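Starting from the two chains in their separate frames, assemble the complex, guided by the hints.
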Amino acid sequence: MSKPDIIIVEDDPLVGEISRDILAGAGYAVQLVPESREAVAAVRAGMPKLVITDIMMPGVTGLDICKALKADPHLKDIPVMVMSAKSFETEKRRAAMFGAAYFLVKPFSEKSLLSTVAGILGPREGK
Amino acid sequence: MPETPLYPSSKTVLIVEDDRGVMELLKIVLAREGFKVTEAIDGEEALQKARQEPPPDLILLDLMLPKSGGFEVVRELQDENTGGIPVVIMTGRAMDRSTSEMILHEANVREYLEKPVKPAALCALLHKLLNTRPAMH
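So the protein sequences, as listed, match chains A and B.
Numbering of the first sequence is given in the numbering used here, commencing with residue 1402 and proceeding in unit increments.
Numbering of the second sequence is given in the numbering used here, commencing with residue 2 and proceeding in unit increments.
Bound conformation, chain B alone (with noise of 0.2 Å):
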């Protein structure tokens, strides 16, 4: 039997991205499906916002991010504290098959979403993963 939908509100996603027009506008996105929302400009602050207590229930983060690039995040994010946490990685448009079905192969990365990201598909996404139903408008 599948898990009955829960509703949006009662997850939070930690968005992870260095670009502030991105940001805000991923925000205003997952805010209107009804999702909470906390964010993170790099690496380091998204670490620590991943270690806080609620933890996220997801992490959408950008692969190139300054300092530590978004891929030493996913692996930083494997220790037994945050290796539960499912992470869909946003990447630039241009990124080859080897680097993608790598990325795919780490534990905690769920899927990968190719910029410039599309607000249906990436809802759509979120309600699976988190086994959520999207909000009445």
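For reference, chain A alone in the conformation it holds in the complex (with noise of 0.2 Å):
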């Protein structure tokens, strides 16, 4: 695959795919990691312009991959969104404190999510 535009970290499959299916409908290269653990190396390997990320997963949390990503100084400047469910105001406020810098409240909507996206990265035209 080439290089992502966005990596997304979901352990919920009806999350994770049809988050990564807008967004590759709306002409961004997305790469879907089901696996929190191997989260890391796939952002290493991809280089991606925005990291996605559920919070709530089981074994590495969206909160350890904010801060392995913000640790490494290769990775530290890419920018990371966390999916976050309204009840876990704790966590978004932890998430923010290791670097997160945008956030989706959970359930959000098709144009909810381009339109977050589009306002990091830019919209795109086509494919």
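Think of the hints as simulated: they come from the structure by calculation, not from any bench.
Predicted model, so just to flag it, every value in this text is computed and none were measured.
Wrong hints could be hidden among the right ones.
Below, a list of computed lysine-lysine pairs in the DSSO-like style, where the Cα atoms sit at most 30 Å apart [stated by the list, open to error]:
#1 A/1450 / A/1468
#2 A/1404 / B/50
#3 B/37 / A/1507
#4 B/28 / A/1507
#5 B/129 / B/116
#6 A/1404 / A/1468
#7 A/1512 / B/50
#8 B/129 / A/1450
#9 A/1512 / A/1404
#10 A/1404 / B/37
#11 B/119 / A/1493
Here is the structure:
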């Protein structure tokens, strides 16, 4: 696969696959990483322009990923967007402390996902 | 001779799901696939929508619902007006074999899917049950 614009880290296939399909449909090159423990290696290999991660995942959480990315001098400038349910306010604050610059509250609509990503990366016209 | 496949836009799927996040995502998945979608957040609303005219062509039903559970809804749907509507059950990860077999024995239940639901598998199943073909993206 060519270098992705966006890497999505999400263990729930419903959320992950639909997010990937929506963003790919808008013209972004998207890589879905369902296994959170593989996320940092995937980011290192793909060097995307944006990482979108769920917070609550078994094993390596979204916060662990934020921390690892921000601690790595080669990866620290890649913006991280956290997808979070409203009830996880504490995790959101902690994610901000660990360097996540953007949030998307779940449940999200197709429009809110696209507009948030377009606000970070700029819109895509076609593929 | 098998029937000619239909466009998904000719079919309405009633999603019954109390988790708003899951509901929104299922709506996106089905709408992108071309299906018409209607929704209910509990069993009571599900029965009301199933009995409306025109009725839905298929019901995608979460088994764990507040108030009356999904299983009661399955039974209620078996009356003469709604008994012909195929039902696909969505369940939590851990459902033992006897429960799944019991559910599949219900006359109106065609299939069950374990959560988390995989969009591709869900769409393939709906196309199969409704004799539709995927819309062009």
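Hints not upheld, ascending by number: Failing hints, ascending: 2, 8, 10.
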